[in-house]
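The listed protein sequences correspond, in order, to chains V and U. Adding 74 to a residue's 1-based position in the first sequence gives its number in the numbering used here. Adding 13 to a residue's 1-based position in the second sequence gives its number in the numbering used here.
Take the hints with a grain of salt, since some may be wrong.
In silico DSS-like pairs for lysine-lysine, Cα to Cα no more than 27 Å straight-line [unchecked claim]:
#1 V:LYS292 / U:LYS214
#2 U:LYS232 / U:LYS270
#3 U:LYS176 / V:LYS225
#4 V:LYS123 / U:LYS214
#5 V:LYS257 / U:LYS284
Calculated from the structure, these hints are not laboratory results.
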Amino acid sequence: MNILVLLKQVPDTTEMKIDKEKGTLIREGVPTITNPDDLAGMEVALRLKDQYGAKVTAVTMGPPQAENMLRELYAMGADDAVLLTDRKFSGADTWATSNTLAAYIKQVDFDLIIAGRQAIDGDTAQVGPQTAEKLGLPQISYIDDVLEFSKEKIVVKKALENNYEVLECPLPCVITTLSTIAKPRYMRVMGISHAFEKDVTIKTFDDLNIDPAIIGLKGSPTKVKKTFTKEVHSNSDILNLDGKASARKVAEILMDMNFIGK
Amino acid sequence: MNIAEYKDIYVFCEERENKIHDSSLELLGEAVRLVNDRPSLNYKVVGVVIGDHSDELARIAGHYGADKVIFLHNEKLKHYSTEIYTELFMDVIKNDKPDIILIPATVLGRDLAPRIAARCDTGLTADATKLDFDPENKESALLYVTRPAFGGNLFGTIINETKRPQMTTIRPGVMEPIHKDTSREFQFDKREVSIDHIDDKVRLIEVLQRDNMAVDITKADIILSGGRGIGDNFHVLEECAKMIGAEVGASRGAVDKGFIGKDHQVGQTGKTVRPKVYIACGISGAVQHLAGMEKSDYIIAINKDPEAAIFSVANIGLVGDALEILPLLTEEIKIYRERPY
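Use the sequences and the hints to build the structure in full.
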């Protein structure tokens with residue numbers, strides 16, 4: 075069994091700083107992380123590997139420094155890691171990204187593709203389904219649990235707004251995972267030393283049999299016309315009290331609003 | 014591609030519990046606003062309903078602003094299917110040539126929209142919060158789609174000049190529906206569609222209800238919300254919430270770290286809430302979180318960092334450690350409730 079996990083290295087959006095004058099992001103000094111939904115997807119793949127035996131390959135498209143993320147995934151237990159990197163790939167929207175990922179995936183053997191539902195920088199949830207479409211594979215998105223797995227099929231629990239659906243799909247297929255599906259394991263000590271011995275497979279434009287008109291910034295149908303930030307105005311009363319006085323303050327507010335009866 | 018052949022605004026109408034879901038009614042309202050803003054285009058609002066539903070259900074789209082309702086009907090189409098809906102919608106795109114397609118950014122919409130967009134090789138913008146026609150050219154039908162990115166820290170306006178249809182999903186709860194008017198005139202175009210030729214590999218085995226423990230924080234009067242600063246100590250919030258009659262909310266940071274379930278998440282990618290009191294504990298106040306709670310009637314923020322952005326939207330800010338203050342608050346309320354008089 076071959077499982078491909080699609081992941082993205084993203085800036086930690088909780089640490090993001092904004093240049094309010096220019097309406098752009100300040101990228102310097104912002105730590106990067108493996109996108110949480112994707113990391114949970116990696117954990118699912120590793121659990122399937124532990125239970126049923128499988129080869130798990132991490133695949134990402136990104137700048138050369140995304141190799142750091144792939145090394146961490148080796149340390150978690152990935153068997154192989156592939157970085158699609160080329161200046162021609164950069165600036166891609168979700169459609170162009172999916173074309174690039176699909177062009178690589180068409181060259182390799184796989185039974186299951188796991189992608190995180192969405193990335194925290196763009197929050198689009200589009201690359202998983204669009205890649206599935208470009209590969210002509212069925213998809214199940216928003217997966218909260220894997221209930222059954224075999225050579226022939228997968229049975230999963232999909233989380234909707236008000237309920238769950240149990241869905242079955244023959245392999246190969248694409249599933250997209252929520253971050254709540256599985257808590258990622260820690261890197262293993264053995265893994266960390268292995269991580270630096272193993273090679274990351276690098277694929278550039280010349281390695282993929284792909285039309286340059288459908289990739290990167292130039293190939294992207296959607297363009298960013300402008301970016302801007304939202305102003306937040308302050309009108310608050312900020313108090314420096316000790317713990318007890320702070321607690322009393324909150325209690326008084328709630329009592330004044332009649333939330334606390336006898 | 015001859016862009017001039019494409020016209021009108023099509024709205025995918027999602028059915029839920031035998032009604033057209035609010036998120037779709039909002040899009041019909043927004044589409045009406047857009048066409049009225051640019052009468053020179055002479056665009057129509059077209060609602061697209063798919064399934065085994067009654068005509069009455071499909072007609073609701075007309076009562077909420079559609080000039081035309083396309084109802085793709087098949088008795089066997091009892092559940093949503095990615096492949097069948099994509100194929101049926103593709104037939105509409107080939108046949109009717111919509112310029113703009115709006116799809117609600119629900120779980121269903123976010124499954125369907127990328128599949129359709131990839132199949133017809135057009136651009137798709139996700140989770141839009143604002144739509145306008147090109148403000149620089151009064152004759153243009155180019156859609157300016159504004160959406161938050163980078164966790165709501167930044168907003169981007171996205172355009173698609175080269176491909177048609179222009180597709181976007183739209184965040185539920187942002188746009189306004191128009192008033193229901195059952196006397197509105199509209200064209201009703203019911204099409205009996207065949208689905209036998211469509212190879213749908215995904216099979217629905219069963220629908221599971223969420224257990225009763227699943228919370229709906231959007232209905233709470235008080236929300237006691239925790240961020241990454243709370244760490245693995247959400248039980249402290251839960252005890253306090255029980256005492257003051259609150260529901261527990263959380264920031265994305267806390268949910269992503271697995272400290273608490275996704276049902277509790279407030280913010281751009283979680284739920285939008287407006288309780289009477291919102292108590293933010295150990296939440297730094299990323300714009301993405303503020304977007305989901307800034308309309309609360311009264312906001313109390315507790316954070317160790319006096320510079321935390323959360324203080325900028327709070328009515329009252331307390332600089333301190335929520336993990337110290339909350340147990341004291343629980344104790345305070347407990348003593349109050351147990352007072353002898």
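Hint by hint, here is what the structure shows:
About 34 Å separates the Cα atoms of LYS292 of chain V and LYS214 of chain U, which puts this hinted pair outside 27 Å; it is violated. Between LYS232 of chain U and LYS270 of chain U, the direct Cα distance comes to roughly 25 Å. Compliance with the 27 Å bound is thereby established for this hinted pair. At roughly 40 Å between alpha-carbon atoms, LYS176 of chain U and LYS225 of chain V are farther apart than 27 Å, so this suggested pair is violated. The straight-line distance between the Cα atoms of LYS123 of chain V and LYS214 of chain U is roughly 24 Å, inside the 27 Å bound, and the hint therefore holds.
Straight-line distance between C-alpha atoms of LYS257 of chain V and LYS284 of chain U comes to about 22 Å, which keeps the hinted pair within the 27 Å bound.
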